[in-house]
Amino acid sequence: MSEGYATEETFTTADADAYDRWLDTTIAVGILGFVLAMAAVGQVVTLTASGDALNGVFLTLSAVVTGAVGLTAGLAALNVVAVESRRVRGVGLGLLAATLLLTAVVYATGVQLVTLFGLVLLVDSVSLVGAGIASWTGSVDTQPNASAGILTGSVFALVGFGIGAAVGGAFLDGPLYLVAGLLGAALFGVGTIVPREDIGSTLPTAAVTAVFAAVILTGAIGPDWQWLPEGLSGGFSGVIVVPLFVLFGSLFTSWSAAKCRARFGARGRQYGAFLVIYLNAVMMVAVMVSIVFFVVSRGVTYAFHGVQIGALSLLVLLAPLLVLAINRARNPSGTSEWHSAARQSFRIAPVAAIGSLAVVLVGLIVTGETLDYAFEYTVLGDGREEVPIDTVAAITPETAVGAWVLAFPTLILAVYFFRNASSLRGVGTRSPTLERVQQAVPLVGTGLALATIAYVLVGTGFPVLVTVGTGLVVAGAAAAAGATLFALSALTSGPEGLLDNAQYVPVGLAGGVTLLAVTAFLEPTVTVSPGVGPIDIVPAVALLGVLVGAVVAVAAAVARNRGGDDRVFVSQALLGLSAVCGFLTILGLHAAFTGAPVDLGVATVANVGSFDWPFVMQSYVPLGIEPGGIYPAVIGTVWLVVGASTFAIPLGVGAAVFLTEYIEQGSFTAVVETATNALWSTPSVVFGLFGAALLIPRLGDQRSLLAGMLVLGFMLLPLVLITSREAIKSVPDEYRDASAALGVSRWETIRSVVLPAAMPGVITGVILGVGRIAGETAPLILVLGSTLNTPNAADVLGNFQLLSSAPFVFNGAVMESTAALPTGIWATIAAGVSGSQSRGWGTALVLLLVVLMLYSIGIVSRTYFRRKLNYE
Amino acid sequence: MSNSNVSETTSTLGRTRRRVSTVLFGSDPEPGSKAIVSLGLVLIAVTIALFLVQPIFVSYGLFAFLLVVAVGWFTYQAATARLLTLIATTSTVLTIGFITFYLFYSAWPAITENGPALVTLPDYGWFFFLDAVLPVDGSYYNPAGGAVSLIPFFWGTLVVTFIAALVAAPLGVLGALFISEVAGARLRAVIKPGVEVLAGIPSIVYGFIGFTILNTFVQDTFLTDGATFLIAGLVVGIMALPTVVSVSEDALSSVPSSMGDGAVAMGATKWQTMKSISVPAAFSGISAAIILGLGRAIGETMAVAAILAGGTQFADPLFDIFHANMTLTSMIAIQYGNASQSLEHVLFVAGVILFVIVASMSIVSQYIERRLDKKLKGQA
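Going down the list, the sequences are from chains A and B.
Read in our numbering, the first sequence has 781 at position 781, and its numbers run on one by one without any break.
Convert by adding 1000 to the 1-based position in the second sequence; the result is the number in our numbering.
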């Protein structure tokens, strides 16, 4: 392909003459008009704005354009970024010039926006006429075709019909407007098709733009203009029609000017078409961004009122970002030329930013100051009016770290480090001690896990059980400490020891983390009053583990810096870091499970207090001044998603395995495929009806959480099936063949070769599917119900009951209706004036954040794994 | 009946039996595993039957099934794993079967009670002829008064979908061209996921935006008291846009690059290649994308329900895009909660109509896509 475009490259970078600059500027004016018109359609600026209001808008616009063009031009001049194309340079400079000129006009004359629009269209029109005639008279070198083409002709015939009919309708009576319309169509159609291309594709555009300019400038169609077609229950006002005129006028102008700029012919058509395609893409992106921005701007105050976070918790949350930033900074950057230094500075900028933020946070802790931002949010008052309330969002100098705030990021980091470390299997020598540890860890771990299950089922009814349980916890923690210290023994003989006993590190650290994790899960099931006496052994061992991990990591890093077998040391350092994070996770889990804060001297790990987000973490307060939050809805959505996933993921993945691995393409697969696609496209409300007809009569005859879970599960099923099937299909056949050649059975191959290879794809598909069902509303209205302001969250975990007769297992919480985020928004709409819109916006923002977060995680992981698959 | 005929019948039977056996047990089942697989199949069938008939006893069936699976897992693991995936596979077919059955089953009383009155206009017969003579104050839908014509809502769905198509089809195809042909690799890497995210914005959020702008924006611009088909159609069009973009983009990028290379070799510009090679080659895929997008638009519920609210008056005149009444989907969402028994059945009829329309659109678009696939593979 590249050869074919080589000439194009030289063409776009060829020197520009005055004609080109003129057209570049015309294109720029067209783009500017397009953007301003979009702003006017969205009522960001009103048409009647003038004076200070309009000055402000244009000042902002000039600032944005100057900044964008200026920075790009500066970087291009310094050779940091490459802007080769003359056209891009020309349009950029044109944008700058046009914006500054318009701003000057606005400041000098104080015109209304609508008049300015008229003027812009007039300038467009005149400029196009000039361009067309210059080409026709042969003053510039162009290669026009004989005609602008039938397609362009028919588009203009359509436009001509519209203009003719509108003019006819204004001045003539009865159906004569149709005649006028046909006349307009003929005029424009012939005017486009018959003359040479340079006239045929500029003059009609200029005429259309001139007509738009004329009706706007003469005030025939102004902001107050109205048209109410007879018999219809509404009509169009100038507020929407004028911007639409400008939108289309600018689009036509840019298209025509682009054709001229590329000197007509095949290249001209391409440039014109591409410009329209680009503008369409810009519009789509603008729509998307403005939807998100709109929801954020409306909901942000309500959703984030009273948010507080301790500085130390925030520091912990920065840790994963720091790792990301370091990874980015590690990328090698170019040559020794000076502008590669500029590129490098972009690479290390994130690290620097995180560093300075961290110092600010540490400063808060040291000085004891609070960083806060005061604002107000509105709630629904007694008289159905919105009442503003003062609130504040703050970063407090608190040194407590929330248990989950600690556990989540450290868990992610632990997994990340662990995955990046390569297995040290087969490195170094195997000692008998190593063998023994390797055998003991799984045994002890399984024993502890079984004990946990036993305690969950039996409970701690007898005092002796508590004593035994406490003993088990102590034993588990001691075993974990032993395993951890075993890793340390690799260090006793320096770097040689690290190499010789390389496997001590992974076995000891992983064993320690695993055992302590199991113990941490056992703990809450056996302790009646947590945090008493010897129970605190778990955090103690966790701290020991953190220390050991850090020592190992540092030792390995030092050994590597002194030279030596790089890969082993790198892996050991990573494993050490992984262990540090893993033990910190367990520390967090311990605090979360037992509720007992862990005092570390300078800081505490506690269940409550370091992070407060009232909107998400509080229930509705019926008679309070502040109405609290939407905790029940958040919990409801979480349970719906969890339930639906538990139901749908095994079925979807299982079906995908069967279809790809067990059966040949045939009539059975065709039936399943058709059924899956039909399920995928079935309207969500039909799923709701289905749930109401099948599930509700069989699940206690009332709307319930369980029915909602199952219906969402049915909706998730095709999404999971389709994506998992693709993931499994994309596993190369070589994998299966190699496995079969080794004599491995089909099921063993699926379990240990195909599924692990396909897992990333499957997980991505599941995340995207879950993102989709998390926002589903219609089926939930039918099977879950929608309630405004629910005060109580569904307590699913605390409501399991074992019965002696059918159905044996019963859960009261899932058999009742509850709140969910999407149904909460619907309840606000359905409640009309008694629903608080500001609260609705807050809920919508939280829902949007949840869904967008799931989507971005899914998309990022897909990109990551796809890239990995391609490189391998 | 001749002998050969009989043997032919038996051989067909034998082949069918073999085929069923291959689906159920695999081509070479472990010896002895058939019993446990059959038992598992019977038990899961019994469990589903119990759930349908006597849901309280479903635990017995489920526990028995789990027991068999547990035993099977330790004796014939491969066969048991295959059995589980087989059951998972049939679940999709069962689900679509159950949806079809229960929709029709629940709609049946309304169909027998009201007959053709559900899809005709009272006193006037079929609606197609009646454009000009529609009575202004005629009540087509008034469950209390016994009028249950679904035509006004069918019409609402049609108008909203039509407006949505006007928005989504041209913009979507242009967007797909941008992503697949015009944008560079880096821009594509940003825009493509962006379109997916746009598809992920929940419909209730669109609905809430639409609901809140009704009283300000719409009154200013379209001079009505708020709710209109026009706004609903525009919003649904934006919602259907991502589907159209991503499916047509798939169709465009599945055109073999050798075809485009051929055009470039002839000296064609990129735009000429797009216009005369890529788009015509992917035309059926693009139309499948538009059909799928329309299917989304027809099935869209919450945005429409939030914007159009609960009106039941038929549009008069028919092309009044500033009118507002419920659509088939939104009437189910809005009315189901406080519907009487007989009205519920009517709502199921609306569900049946929706289901049939959208399912057939899905099948048509699948057919088109499969044909495109075959065509392009034939040429490649």
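Calculated directly from the structure, the hints in this document are not laboratory data.
Please note that a few of the clues may not be correct.
Computed far set for chain B versus chain A, every beta-carbon distance over 10 Å [claimed, not checked]: (1) 1012; (2) 1018; (3) 1058; (4) 1117; (5) 1185; (6) 1212; (7) 1245; (8) 1269; (9) 1283; (10) 1287; (11) 1323; (12) 1343.
Mimicking DSBU-like on lysine-lysine, the simulated pairs with C-alpha atoms at most 30 Å apart in a straight line are [said to hold, decoys possible]: (13) B:1192 - B:1374; (14) A:729 - B:1034; (15) B:1034 - B:1192; (16) B:1192 - A:729; (17) B:1377 - B:1192; (18) B:1275 - B:1377; (19) B:1275 - B:1192; (20) B:1275 - B:1375; (21) B:1374 - A:729; (22) B:1375 - A:729; (23) B:1377 - A:729.
Even glycine gets a Cβ: it sits at the ideal position worked out from N, Cα and C.
Hints and how they fare:
1. 1012: holds (14 Å)
2. 1018: holds (13 Å)
3. 1058: violated (7 Å)
4. 1117: Nearest chain A Cβ is 21 Å from residue 1117 of chain B, so the label holds.
5. 1185: Non-interface label on residue 1185 of chain B holds, nearest chain A Cβ at 13 Å vs cutoff 10 Å.
6. 1212: violated (6 Å)
7. 1245: Label violated. Min Cβ-Cβ 8 Å, cutoff 10 Å.
8. 1269: For residue 1269 of chain B, whose nearest Cβ neighbour in chain A is about 4 Å away, the distance does not exceed 10 Å, so it is violated.
9. 1283: With a cut-off of 10 Å, residue 1283 of chain B remains clear of chain A, as the shortest Cβ separation is near 16 Å.
10. 1287: Given a closest Cβ separation of 16 Å, the condition holds.
11. 1323: Violated, because the least Cβ-Cβ distance between residue 1323 of chain B and chain A comes to about 6 Å, which does not exceed 10 Å.
12. 1343: Holds: least Cβ distance 13 Å, greater than 10 Å.
13. B:1192 - B:1374: Holds, because 26 Å separates the two Cα atoms, which is no more than 30 Å.
14. A:729 - B:1034: holds (28 Å)
15. B:1034 - B:1192: Violated - the C-alpha atoms of residue 1192 of chain B and residue 1034 of chain B are around 48 Å apart, more than 30 Å.
16. B:1192 - A:729: holds (23 Å)
17. B:1377 - B:1192: holds (25 Å)
18. B:1275 - B:1377: holds (21 Å)
19. B:1275 - B:1192: Answer holds: residue 1275 of chain B to residue 1192 of chain B is near 22 Å, not above 30 Å.
20. B:1275 - B:1375: Given pair residue 1275 of chain B, residue 1375 of chain B holds - Cα atoms ~19 Å apart, limit 30 Å.
21. B:1374 - A:729: holds (19 Å)
22. B:1375 - A:729: holds (22 Å)
23. B:1377 - A:729: With Cα atoms ~19 Å apart, residue 1377 of chain B and residue 729 of chain A stay inside 30 Å; holds.
Checked against the numbered hints above, the structure violates hints 3, 6, 7, 8, 11 and 15; every other hint is satisfied.
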